[in-house]
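Undergrad: Quick note, the sequences are listed as chains A and B, same order. FYI, the numbering for the first sequence is 1 to 277, going by my numbering. FYI, the numbering for the second sequence is 1 to 174, going by my numbering.
Source of the hints: derived by calculation from the structure; they are not laboratory data. Cβ coordinates follow ideal geometry from the N, Cα and C atoms, glycine included. Treat the hints with care, as some may be off.
Said to hold, decoys possible - Going by beta-carbon spacing under 7 Å, a handful of chain A positions derived as facing chain B:
hint, residue
1, F7
2, N11
3, H13
4, L20
5, G186
The residues making up each chain are set out below.
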Amino acid sequence: MQSLLQFIRRNFHYFLFLLLQIISLFALIRFNRYHQSVFFNTASTFQGNVLNQRKSVISYFALKTENQRLKEENILLRTRGTENYIFIDTDSVTVKDSNRVVQYSYIPAKVIYNSIRKSKNYFTIDRGTKHNVRKGMGVISPLGVAGHVIDVTENFSIAMSILNEDFILTPKINGKVRYGNVRWDGKDPGVVQITRISDLYQVKVGQEVTTTEFGHFFPKDIKIGNVSSVEKSEKGKYWDIEVELATDMRQLGEVYIIKNRFRDELEELEKPYIDEQ
Amino acid sequence: MSSRDWIIFVLSASGLLALQILVLNNLNLNQYMYPQVYIIALMTLPINVKHWLSYLIAFALGFVVDTFSYTPGLHSFAAVFVMFLRYSYFNSFVDKEWLSTGIRPEFGNTETVWLLAYTGIFTFVFHFVLLVLEEFSLNHFGSTLLKIGYSTLLAILLILLLLFTTSRQSTNDS
């Protein structure tokens, strides 16, 4: 014991040096978003395969609910298909719209790591630059919005979860664009908040909340969730709205990464006019 | 260091930090020039200052710069690291007798050639650690090296200029 104390005292400055370096590194990785994402991304490249294996085993146990979810999505897509519509007005002329191009396309992917316990949550996806994933792409689950990609390596990417205090969206409520912020308060992983919606608008419990095209992450009308409570804000003039998420972030499995073909072009165009946040 | 020395140190360190945070960090000369001049305060600590104390001082100065440039941990890591190297150098390669004089590495106190080499290496190591850690990736190592090179050169020039002018003043004072 005596010699141990002596050893520590003699090498005190080495311990102090190491301690200060560890504190600095910890602060660097914990509080700088860039370093954090690089760190987790590098870690995920190493862990990727292990997590992939683990996920492939675990996904067997979730097959039943996953199937159910896929069925629901299939039904939704089928009802959207043109074969469901007949033209009653036989005199009408069909216009071939060759001036339309596909703006959004979808890359199917799997979530291999997901966090929901922190105030800033991220999840890792098993698709990367090799599969045309780029920074800034939106990520949705079959049921609704899940996050957007903030960093990419060759085989994996990291997405900022909707359960992250830095994640902000402009919502549509009941089909109409409302200039407020959808943002998570860091508490219940099933519920996000909408702030700064003027109380001049009518908002009711049960109304559907969807995405807008603003921000170019998502196409319009992707479901975020349903209004679960509406209260007058303490600041007056505004509603405090809670939205029950359509996506169960605790069970995030199959996702689609959304590729916006015109994103770069739009951002380039808008850059000089939009202040950097 | 006497209490008078400490007061002078605190004042000059505050001045350097203000220069760094308020002026140099906002210069935006070009993307490669990011000179860190506040390290003079660390460089010119007496050569016999207690090593653990020098680490704490380095950490504190780094912490202040980090706080004002929103980069927690970055400057404090590089500053403590470079002070560790400084101590290791003094401990292993320097004559003990000279070390016990406790002079500050400044113009007039030390040989000019030694001071130039010391300033150069100290500044380079600090900028190397700082900028590599800031980049945190080896993907654009070429541009990181350019950044290190330009920033180090500019910093050395500014540091020598400051050391030179202050040493002139202090000789005039005495």
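Undergrad: The structure should be examined with respect to each hint, and the outcome stated for every one.
TA: Results of checking the hints against the structure:
The restraint placing F7(A) at the interface with chain B is violated, with a minimum CB-CB distance near 16 Å, outside the 7 Å limit. For N11(A), the suggested interface contact is broken, since its CB lies about 11 Å from the closest CB of chain B, more than 7 Å. Look at H13(A): its Cβ gets to within about 4 Å of chain B, closer than 7 Å, so that hint holds up. Interface restraint check: L20(A) against chain B, minimum CB-CB distance 5 Å, threshold 7 Å, status holds.
Using the Cβ-Cβ criterion of 7 Å, the hint placing G186(A) at the interface with chain B is not satisfied: the shortest such distance is roughly 20 Å.
Hints 1, 2, 5 from the earlier list are contradicted by this structure; the remaining hints agree with it.
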